[in-house]
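S.K.: Our numbering puts the first residue of the sequence shown at 4, with every later residue one more than the last.
The set of hints was computed from the structure by calculation and includes no laboratory data. The structure displayed is predicted, hence computed values, not measured ones. Ideal placement from N, C-alpha and C gives every residue a C-beta, glycine not left out. A portion of the hints provided could be inaccurate.
Ranges between beta-carbon positions, derived for each pair [to be verified]:
id : residue 1 : residue 2 : range
1  : R139      : E75       : 35 to 43 Å
2  : R139      : S213      : 34 to 42 Å
3  : E70       : E184      : 13 to 21 Å
4  : D211      : D89       : 39 to 47 Å
5  : Q84       : R139      : 26 to 34 Å
6  : D145      : D88       : 39 to 47 Å
7  : S264      : E141      : 24 to 32 Å
8  : Q130      : D89       : 40 to 48 Å
9  : H117      : D209      : 33 to 41 Å
10 : R244      : E75       : 31 to 39 Å
11 : S213      : E141      : 38 to 46 Å
12 : D88       : N265      : 18 to 26 Å
13 : K189      : I273      : 24 to 32 Å
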Amino acid sequence: MNADKLLQAFSELDEACVRSSAALLGYEEEPVKHKKIKTVFRTLLIAALIAALGIGTAWAAGLFTMEIHTPEEDETLLVFQTFYDDARDKDMLVALDLSHSPLVLQFTGEGDIHRIQFRPGWLPEAQEGYTYERYRDEDEEDWFWYDTCFFDRSRGGAGVEYQIDCHYAWPGFTVYMGGTEAHMVKEEDWGELHITEIEQQTHYQDPDGSPVTQRMLLLFSSSEGWFLSIGGRADFETLERIAREMEIRSLEEIAAPPTDSNFYCLGVGIG
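Construct the complete structure from the given sequences, taking the supplied hints into account.
M.R.: Okay, structure coming up:
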């Protein structure tokens, strides 16, 4: 039996079975979660169980892919946006070249992508003067689509401690990062989720004129076609702890791509 079949088998186990097996390996037990919820901790437990059996964890490729790269010097990366021109009384199409972006994300895949929500299990302790901007589920207020912590809201993106946002790997879409520089510093798999850590030199400046460096962690599901971004001025250790202790659930609602463009900017700021 290979790792792919084991992953499927373990994923279909009752939660109590996974927890009991994990306890034998010395992993801390947590309360049982709702079956619709994907916990990062559960994914890591399954990977640990398979590793304990002495079998490699090279999972099969999912339905979706996310490629992250810096455009080549001679690369042309055209994206499109439509808008209504009142003066001309018609829709206009504009082409933009993103080849000068320090980092771009591009996607392939097939099938529907469902919207997701997250529930943080741990966040940095609130400090005096910090403010929050959160988009919550109307019925269950501990589930979010977006969560931002500002240590200085007046400075916009330069004053963000951390920002968590939901994204989707729409095939054919291009997501670009701005700033003067952005590069990947780490990639690894947490079970069935792929983690990418990025450091970005932004156009923001501190009060003394020095450039602002931000860090971002991307949590990508190749099987379901979504990714979460967790970024800001916080260090990678903090971002990783936020990611590891959060719960994520898929909704019935389909995440439909915009109809007026095939790109957007990935960053930390105020929309």
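S.K.: Work down the list of hints and note, for each, if the structure agrees.
M.R.: Hints, verified against the model:
{"no.": "1", "hint": "R139 <-> E75: 35 to 43 Å", "in the structure": "holds, 42 Å"}
{"no.": "2", "hint": "R139 <-> S213: 34 to 42 Å", "in the structure": "holds, 35 Å"}
{"no.": "3", "hint": "E70 <-> E184: 13 to 21 Å", "in the structure": "holds, 19 Å"}
{"no.": "4", "hint": "D211 <-> D89: 39 to 47 Å", "in the structure": "holds, 44 Å"}
{"no.": "5", "hint": "Q84 <-> R139: 26 to 34 Å", "in the structure": "holds, 30 Å"}
{"no.": "6", "hint": "D145 <-> D88: 39 to 47 Å", "in the structure": "holds, 44 Å"}
{"no.": "7", "hint": "S264 <-> E141: 24 to 32 Å", "in the structure": "holds, 28 Å"}
{"no.": "8", "hint": "Q130 <-> D89: 40 to 48 Å", "in the structure": "holds, 47 Å"}
{"no.": "9", "hint": "H117 <-> D209: 33 to 41 Å", "in the structure": "holds, 40 Å"}
{"no.": "10", "hint": "R244 <-> E75: 31 to 39 Å", "in the structure": "holds, 36 Å"}
{"no.": "11", "hint": "S213 <-> E141: 38 to 46 Å", "in the structure": "holds, 42 Å"}
{"no.": "12", "hint": "D88 <-> N265: 18 to 26 Å", "in the structure": "holds, 19 Å"}
{"no.": "13", "hint": "K189 <-> I273: 24 to 32 Å", "in the structure": "holds, 27 Å"}
In the structure shown, no violation is registered for any of the earlier numbered hints.
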